[in-house]
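With these hints in hand, go ahead and build the complete structure from the sequences.
There are 2 protein chains.
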Amino acid sequence: MSAKILVAQGGGPTAVINQSLVGVVLEARRQAGVTAVYGARHGVRGIINEDFVDLGQETSHNLELVAGTPAAALGSTRDKPDAAYCHKIFTVLQAHGITHFFYIGGNDSSDTVRIVAEEAAAANYPLRCIHIPKTIDNDLVGNDHTPGFASAARFVVQAFAGANLDNAALPGVYVGVVMGRHAGFLTAASSLAKKFEDDGPHLIYVPERVFDIDKFRADVKATYDKYGRCVIAVSEGIHDADGTPILSRLAGDLERDAHGNVQLSGTGALADLLCEEIKKTGIKRVRGDTFGYLQRSFVGCVSDVDQREAREVGEKAVQFAFHGKDNGSVAIKRVGYYSVNYELIPLATVAGKTRHMEDEFIAASGTDVTDAFRLYLRPLLGSNLPDAYRLRPNAVAKVLNKG
Amino acid sequence: MSAKILVAQGGGPTAVINQSLVGVVLEARRQAGVTAVYGARHGVRGIINEDFVDLGQETSHNLELVAGTPAAALGSTRDKPDAAYCHKIFTVLQAHGITHFFYIGGNDSSDTVRIVAEEAAAANYPLRCIHIPKTIDNDLVGNDHTPGFASAARFVVQAFAGANLDNAALPGVYVGVVMGRHAGFLTAASSLAKKFEDDGPHLIYVPERVFDIDKFRADVKATYDKYGRCVIAVSEGIHDADGTPILSRLAGDLERDAHGNVQLSGTGALADLLCEEIKKTGIKRVRGDTFGYLQRSFVGCVSDVDQREAREVGEKAVQFAFHGKDNGSVAIKRVGYYSVNYELIPLATVAGKTRHMEDEFIAASGTDVTDAFRLYLRPLLGSNLPDAYRLRPNAVAKVLNKG
Chain A
1075 MSAKILVAQG GGPTAVINQS LVGVVLEARR QAGVTAVYGA RHGVRGIINE
1125 DFVDLGQETS HNLELVAGTP AAALGSTRDK PDAAYCHKIF TVLQAHGITH
1175 FFYIGGNDSS DTVRIVAEEA AAANYPLRCI HIPKTIDNDL VGNDHTPGFA
1225 SAARFVVQAF AGANLDNAAL PGVYVGVVMG RHAGFLTAAS SLAKKFEDDG
1275 PHLIYVPERV FDIDKFRADV KATYDKYGRC VIAVSEGIHD ADGTPILSRL
1325 AGDLERDAHG NVQLSGTGAL ADLLCEEIKK TGIKRVRGDT FGYLQRSFVG
1375 CVSDVDQREA REVGEKAVQF AFHGKDNGSV AIKRVGYYSV NYELIPLATV
1425 AGKTRHMEDE FIAASGTDVT DAFRLYLRPL LGSNLPDAYR LRPNAVAKVL
1475 NKG
Chain C
1075 MSAKILVAQG GGPTAVINQS LVGVVLEARR QAGVTAVYGA RHGVRGIINE
1125 DFVDLGQETS HNLELVAGTP AAALGSTRDK PDAAYCHKIF TVLQAHGITH
1175 FFYIGGNDSS DTVRIVAEEA AAANYPLRCI HIPKTIDNDL VGNDHTPGFA
1225 SAARFVVQAF AGANLDNAAL PGVYVGVVMG RHAGFLTAAS SLAKKFEDDG
1275 PHLIYVPERV FDIDKFRADV KATYDKYGRC VIAVSEGIHD ADGTPILSRL
1325 AGDLERDAHG NVQLSGTGAL ADLLCEEIKK TGIKRVRGDT FGYLQRSFVG
1375 CVSDVDQREA REVGEKAVQF AFHGKDNGSV AIKRVGYYSV NYELIPLATV
1425 AGKTRHMEDE FIAASGTDVT DAFRLYLRPL LGSNLPDAYR LRPNAVAKVL
1475 NKG
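The listed protein sequences derive, respectively, from chains A and C. In terms of this note's numbering, the first sequence opens at residue 1075 and continues consecutively. In terms of this note's numbering, the second sequence opens at residue 1075 and continues consecutively.
Bear in mind the hints are in silico, worked out from the structure with no lab data behind them. Quick caveat: nothing in here was measured; it's all calculated off a predicted structure. Any given hint could turn out to be false.
Each pair may be met inside one copy or between any two copies, as identical chains are not told apart.
[What the hints assert, rightly or not] The list that follows gives simulated cross-link-like pairs (lysine-lysine, DSSO-like), each with its CA atoms no further than 27 angstroms apart:
{"no.": "1", "residue 1": "K1354", "residue 2": "K1472"}
{"no.": "2", "residue 1": "K1472", "residue 2": "K1154"}
{"no.": "3", "residue 1": "K1162", "residue 2": "K1078"}
{"no.": "4", "residue 1": "K1078", "residue 2": "K1289"}
{"no.": "5", "residue 1": "K1399", "residue 2": "K1269"}
{"no.": "6", "residue 1": "K1162", "residue 2": "K1476"}
Okay, here's the thing in structure tokens:
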């Protein structure tokens, strides 16, 4: 029996999504009966446009180099297919005689895979459909964590470790805005940047908790009074009790995307607006950074654990397809501290659902994480995480002002 | 003859300024006759407050670990001492019997060293004063380049290499705003992120050239029409023909620092305002990032060449002080491709002066750099610079839409 493979990448790029791509390609190329391994350019959009590349003509050596390169080597898309769009996808797959469809992406992508699988079943067309997890937001249900998250988390940790040192050298208030519209995992990762008791981030705001601007100012003031400085990690998705994004409340008219969502990334507005609020407390030196696209695309900041797992979910996807009989989504399950296994879970389990930070991961204060979260995250960050050192206090006696 | 050493760090922290500190400390500790090696907390402010730590009681092992940590381990300051402030500095040095004063910083810091040296000379007090170069802006005259620049440049290169990949995966316009009020070296470094002809950054705007907003929009539009996307590197210090910062022109009331300068860093406003300008051309997906403090403080992105040289300028400062008879500023001179020597140049040569990008480094278009600049920068970035790979084109024939 001959097989034709199609693989595509969807949604926001990550540091390791190409590992998953190459995991699929190399594993597919070694399966008996596989006559073609195609890649669609720019996700589902490339499928409906029949914009395919033949990955059977790519050298193994170059594939390995691409695997180590961030972003999405096939290109990606923000298209969120509806039923009609999915029907077009199916029509193209059928026309090209595709027997196995692999889509690497987040919860929207898994929903696309689910609908295409239903189209194929309804048409009685033999098509194996596998979703491969990917998202820096870590918001896929059924997974201990998702490929891409750990490397972005590592970037956030290294960024806050440095911002904390910089803020200690030139004291003031520093606000760092982190990606994550609905899930606070990436913002919470900043907590791993703390080494000493007085290190920042001193305050962490995730979208799983209601953000109150008055309490925020009071939190910052209290921290500043205690340490003479304050480092703050804020999720771009913070919102008030009604669910209105704080960015919308503080700012005026804002760009909305095809999904009707306010544009949160690619703008420094939230950090700037929060800085203005902080200045109302009378604190002078207030600085805000928005980590923006750097946190998902920066070349050279990657977790080796993330790389390995991203590669494996791609490989396992092909193995599940060729050794099993079900469609599904590859899920990462934690076993031991630290190791993982992979399972194929039903597409409906993952599709279109959003995981949030579990309550046990958020401290009662609402502005910190728990040890359970620290323990959860640490192994994902991988090896050779940079460490920060400080001089030990050996004060010299004053001569002029002995008082 | 006994000697007492004081070392301090001033201005914006860098990834390698602690290498210079440790270079001074370890080299000073091994000099015959040295009875004390003190560090001032938070630069000149720590001096006038007699806030000293005894670095003779610090272990060599911990000093080595601190050397590898970014920011300023002693703390820094933005104070820009006037004559009265410098007199206070001298009074404290005299009271503590300091014989050798080392100040690690930029052109403002070298001016402080110059004035303090004059105070000492006027009082006939034997004080050796050495300025040790440091600045991510690379704007010190008399130096081939300055410690701290190369690591920040490496961050900018890795950031744009990733941003380019991300932008290729999800096409649109991307604006990255880079530090550098007067000198465009750091923004120009983004050019080293280009590997293929169609890679970004496609446009680079430095403060050495007048920024025209209409030409900017036209440049972006033309690039977008050619490549279907556009990646832009912009210096925070871009200004119009009158020298007015573009941020001031596009925005309203802005915070000014003690030097009367508009606050350019720690705000995402310039990127956001440029994005608004670009949207006027009709381009839909426009995203802006401001690299902010990450580019000077990020833990784990450092040039090994920069580390080595930052260490050596600290060591050489002590050797010039103990083996020579002049005050001065340690300067890096390039010899061969690639190696450096160190010279002690007069404080007045460096003090308060600003180096700009040389004309031979800027392309005639005004939006790119020359090969001379690429050749100049590459060795500074150090070894193991991450590289980006792409799939090779092997298009599959269309089945449905053969036209």
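Hints not upheld, ascending by number: Going through the list in order, the structure violates hints 1, 4, 5 and respects the others.
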